[in-house]
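**Student:** If you're matching them up, the sequences are chains A and B in order. Anchor point for the first sequence: position 194 equals 194 in our numbering, and the numbering is continuous, going up by one each time. Anchor point for the second sequence: position 320 equals 320 in our numbering, and the numbering is continuous, going up by one each time.
Heads up, a few of these hints could be off.
[What the hints assert, rightly or not] In silico BS3-like pairs for lysine-lysine, Cα to Cα no more than 25 Å straight-line: (1) A:Lys417 to A:Lys238; (2) B:Lys303 to A:Lys203; (3) A:Lys219 to A:Lys35; (4) A:Lys111 to A:Lys153; (5) B:Lys574 to A:Lys423; (6) B:Lys388 to B:Lys106; (7) B:Lys366 to A:Lys423; (8) B:Lys315 to A:Lys203; (9) B:Lys170 to A:Lys153; (10) B:Lys388 to B:Lys469; (11) B:Lys309 to B:Lys469; (12) A:Lys443 to A:Lys298; (13) A:Lys423 to A:Lys379; (14) A:Lys35 to B:Lys315; (15) A:Lys238 to B:Lys106; (16) B:Lys106 to A:Lys111; (17) A:Lys423 to B:Lys315.
Worth flagging that the hints you see were computed from the coordinates, not collected in a lab.
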Amino acid sequence: MTARHSISHNLRVPASLSAPKEFLSQEECKALFDKIVGFASGGGETLVSLESRWTGSAKWARNRMHVASDKHGVDISISRTINGAGTSVSTTRLDDEGLRQAVRDAELLLKVGGESPENIKDPFIDEKILHPQLWSDATYGFSPDARTEMVQKLVDPAETAGMISAGNLQVSALGTATMSTDGTFRYYPTTEVECSMTVRDPKGTASGWAGVNHYDLGKIDPVALAARALDKAQKSAKPNAVEPGRYTAILEPQAIADLMRPLIDYAMDRIPAEMGMGPFAGREPGRSKITEQVMDRKLIVRADPMDPDGGFLPYNRWDGTPYIPVNWIDQGILRELAYPKGYGLSALNVDHALDNSRSFRLTPAPGVPTISVEEMIAKTDRGILVTRLHDVQMVDFASMLCSGYTRDGLWLIEHGKISRPIKNFRFAESPLFVLNNLEDVGKPVRVFAPRRAFVAPAVRVRDFSFTSLADAV
Amino acid sequence: MSTALYVFQVVGKLYFREVRRGPPSSTPSHQHHVMSRLTRRTFLKTGSMAAAVAAIPVRQSYAESLRSWVPRESAPDFKALAAAALDAAKGAGATYADVHFRYTRKENWVYWQGLGYPTPSGNNYVGVGVRSLVNGYWGFSGMDSVATTDDAARLGRDSAAQARTAAKGKPRSVNLAPAPVVNNGSWVMPVEIDPFTVSLQEKVDYIDAMSDYVSRRAYGVGTMAMLFFTKEERIFASSEGSNTSQTVYNTSATFSLGVPFDWLTERPGGMGANFLTPAGAGWEYIRNAPYRDRADEMIEIAKKTRRPKPVEVGKYDIVFDPEALAGIIDVSIGMSTELDRATGYLANTVGTSYLNDPMEMLGTFKMGSALLNVSTNRSLPGGAATVKWDDEGVEPAETQLVTNGILTDYQTTRESASWIAEYYQKKGTPVKSNGCAGVYGGSSSMSLFNPNLVLHPGTQDLSFGDLVKSVKKGYAILGGQTYGDQQALNGNGYPSLVYEIKNGELGEVVSNAEVLYRSPEFWKNLTLLGGKSSVRQFGFDRWRDNDYEYRVPHTISTPAAKVTGVAITDMTRKA
Chain A
1 MTARHSISHN
11 LRVPASLSAP
21 KEFLSQEECK
31 ALFDKIVGFA
41 SGGGETLVSL
51 ESRWTGSAKW
61 ARNRMHVASD
71 KHGVDISISR
81 TINGAGTSVS
91 TTRLDDEGLR
101 QAVRDAELLL
111 KVGGESPENI
121 KDPFIDEKIL
131 HPQLWSDATY
141 GFSPDARTEM
151 VQKLVDPAET
161 AGMISAGNLQ
171 VSALGTATMS
181 TDGTFRYYPT
191 TEVECSMTVR
201 DPKGTASGWA
211 GVNHYDLGKI
221 DPVALAARAL
231 DKAQKSAKPN
241 AVEPGRYTAI
251 LEPQAIADLM
261 RPLIDYAMDR
271 IPAEMGMGPF
281 AGREPGRSKI
291 TEQVMDRKLI
301 VRADPMDPDG
311 GFLPYNRWDG
321 TPYIPVNWID
331 QGILRELAYP
341 KGYGLSALNV
351 DHALDNSRSF
361 RLTPAPGVPT
371 ISVEEMIAKT
381 DRGILVTRLH
391 DVQMVDFASM
401 LCSGYTRDGL
411 WLIEHGKISR
421 PIKNFRFAES
431 PLFVLNNLED
441 VGKPVRVFAP
451 RRAFVAPAVR
461 VRDFSFTSLA
471 DAV
Chain B
1 MSTALYVFQV
11 VGKLYFREVR
21 RGPPSSTPSH
31 QHHVMSRLTR
41 RTFLKTGSMA
51 AAVAAIPVRQ
61 SYAESLRSWV
71 PRESAPDFKA
81 LAAAALDAAK
91 GAGATYADVH
101 FRYTRKENWV
111 YWQGLGYPTP
121 SGNNYVGVGV
131 RSLVNGYWGF
141 SGMDSVATTD
151 DAARLGRDSA
161 AQARTAAKGK
171 PRSVNLAPAP
181 VVNNGSWVMP
191 VEIDPFTVSL
201 QEKVDYIDAM
211 SDYVSRRAYG
221 VGTMAMLFFT
231 KEERIFASSE
241 GSNTSQTVYN
251 TSATFSLGVP
261 FDWLTERPGG
271 MGANFLTPAG
281 AGWEYIRNAP
291 YRDRADEMIE
301 IAKKTRRPKP
311 VEVGKYDIVF
321 DPEALAGIID
331 VSIGMSTELD
341 RATGYLANTV
351 GTSYLNDPME
361 MLGTFKMGSA
371 LLNVSTNRSL
381 PGGAATVKWD
391 DEGVEPAETQ
401 LVTNGILTDY
411 QTTRESASWI
421 AEYYQKKGTP
431 VKSNGCAGVY
441 GGSSSMSLFN
451 PNLVLHPGTQ
461 DLSFGDLVKS
471 VKKGYAILGG
481 QTYGDQQALN
491 GNGYPSLVYE
501 IKNGELGEVV
511 SNAEVLYRSP
521 EFWKNLTLLG
531 GKSSVRQFGF
541 DRWRDNDYEY
551 RVPHTISTPA
561 AKVTGVAITD
571 MTRKA
């Protein structure tokens, strides 16, 4: 079975617009947009945000493939705005009747909000986007047969060692388009690969995990990931409990990225911060913590669509706003928070929005020496090595205090060596506290964050708060 | 915290810091026109907006658009499409295949703040997927949008091809527990009023009038609300000859109020309604919600939350209200008894279960005290997981997951039921699925979805108040969010409201309390159950997969209960 089925026969479009691929081409997106605009009535603007997505996946558990699947998905969000009243209706229908109905629904729903003719629309400016390389033929061409073979390679070492492997290996190809009657037209083809696995012993007393996502299959090493998961599983057998408390912790890149996620998702907006909400609220109303030290000087938190390890779609797919490369935090100082275009114009005298892409790179600043996890262990007299965190929940917005559990490999370090595996903990920590207690930092690497691009280094930090024993494996 | 709670915290603070009483200045003038017609008296008198609506300029009815929601003009011949898919799958080597067509419609109102109402948005999800079994391996092929006969056949062939490719691996077997063939099964969830036939204006008017009423009950009260409606057509057919067609509704809302900063503590206060959690119900669920009855009580509680006492860390006797207990049931029992999870099929995403040796543990493992009896129930009126057939065409029968404290069953599908066939055979009961198969959308592959769960009430009809009377020193824990570790073994809860209990009476409100529990120990300390009249039900919809792909709505029905020796800590404390 070839991987290159056209889905254009699902579209009611002339065959001349079809092409052999798994997702909608630029021409097909444009044709859909023209059709949708044709269905609109009542004037105003129409914006269409469209994601067509093909995913081929291989899920396995208990050392055997469980489901091999192939899915063609499409999500079309149609926004209609008439005289300042607007709303959106999303549909997964590509046929005329479905699109016409979605447009009509939007036109009915938007009347509820009431018109605001005084909401003057900004004149359209075709803002430039960056053009990161986000397409990989290797990813796109990864056939079901090749996936099955790879899964075999990933499972065999675990099975031979008497362990049980579960995991997911999937590739996707997407055509993402944002098109508007005011002139916006953006289209970008991308690929994604996700590879993660968990290896456990048959009694369920040991567990190891490894995983990553990326656009390029050629840049990841699934076999090495499987070996790491197996190694962690074997080294975490027969854990003992140690006392909860504050420890020097070495957080592997995945763990610190897991802890950073709520910060990136919730805390990076300027307006709420200036209104006194969240960790970056300033000392007085109307101010944020921009220009203040919020983290150790050694650190930068950056988001750049052109990031060599962590590139991402260079625009907000909902409204076409380009993502501008930004150092949110530079040498520990908060430099920027996200804001909409109106705020930029009125408060900052800039003519663009600064949007949060929700991807990030946490990295040591230039000139900061980096050491490996092994070297961090050697420097630690008593500490804990953490693989990753489970179900990180924000407890307090003002401090970003989060809680959750450790998972898939936790070890005690004594006198510069890993001494033994230990039982998991609940933790209560804030990424901001943790990154203010920084001792050492490593080289950033891509970690596992489906549909996002997270790049983070290992960090060695003081006084990480493990609050209670959680003897789950 | 849940997204809703977070939004309220963020948006609520935004509102209350300004302590505004009127609508935002950008509100168009016609809204004032609407509000002047809807007085509190009108609301109290009629409880409905029928009279008031008549006075308002008529708007186009939303129901009109419903006409072609499921495309009736060009309604697909689902039988023909299913046959095309299943025949193609069988022709390509499948020994079993099934197909799903799904039309899911959503209407979302996010959010009402004070007297300003939102513009609703909508989602229409349409998809189809085929699953094939070849040589013990599953293959799946799905697509969004409306399928033609060619599409259906292609999906059938592809799904079998996927399975054949997977089957090149080591041998594996799948036994599907037998299920009766359902011929032309048809069911519509019984709701009073289909929310998609209710005009947008009526929804606006109702929530506006309710917000207006509540906000006038005391000085400085602000309100916030969100509404969510879902209607789904689920069409299923299998190569064994079953075919079912079901219409399922889900309605939920959030409604919270806040009171101004306390002069002494400078803390704002807030309280959310707990009577609007996801339910298998229609517009009547919102219309009949007891806002009027509960408004004053909610305002009083919100005020009390402004002067809380710090919690004293320790182990205590706790009286849980049904909502708080439902959260713990959902995590510590609802998650742990998913058989695919318990046998390692979700090890790479959300995790495993402490009930990880089914054949050893069934019939012997002590889940809790003899008072603990938990059943599945997919016929529960108003249940968010209530159906006639699950997504494999199995009509779910009630089963007891926990009987007098002992683990006696798991949540199963046809495939997973066969993994514990020996247990059923020894018991002398038929080997069959407990009816928990579920697909999220037409284009998603088969998974396990939580059914509704029922914790049986005690034989004596004790009320929440009776349970409180039985505690000398402890806490009453109400509402909130519960989380669990990767094995659903240890967990923690952040309550909505906590009172001290002293000598059988509720005392002061306490802040920052967090409940810590370890499942078996917690349930073993279940010492007193509320009776039938204390039973309430609440809907949950937690993410089932780490990819945050889908939420699984289900309802938990439970009485209040007293549990001894529960660890209470301060959520803001670090180690």
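**Student:** So, for every hint listed, does it hold in this structure?
**Tutor:** Verification of the supplied hints:
1. A:Lys417 to A:Lys238: 18 Å, holds
2. B:Lys303 to A:Lys203: Outside the cut-off at roughly 51 Å; violated.
3. A:Lys219 to A:Lys35: 39 Å, violated
4. A:Lys111 to A:Lys153: Violated, at about 57 Å.
5. B:Lys574 to A:Lys423: 19 Å, holds
6. B:Lys388 to B:Lys106: 21 Å, holds
7. B:Lys366 to A:Lys423: Status holds; Cα separation ~23 Å.
8. B:Lys315 to A:Lys203: Roughly 32 Å between the alpha carbons, so the hint for B:Lys315 and A:Lys203 is violated.
9. B:Lys170 to A:Lys153: OK: B:Lys170 and A:Lys153 at ~12 Å, within 25 Å.
10. B:Lys388 to B:Lys469: 41 Å, violated
11. B:Lys309 to B:Lys469: Roughly 21 Å separates the two Cα atoms, so the pair holds.
12. A:Lys443 to A:Lys298: 12 Å, holds
13. A:Lys423 to A:Lys379: 23 Å, holds
14. A:Lys35 to B:Lys315: Outside the cut-off at roughly 65 Å; violated.
15. A:Lys238 to B:Lys106: 49 Å, violated
16. B:Lys106 to A:Lys111: Holds, at roughly 18 Å.
17. A:Lys423 to B:Lys315: This hinted pair holds, its Cα atoms lying about 23 Å apart.
The earlier numbered hints that this structure contradicts are 2, 3, 4, 8, 10, 14 and 15.
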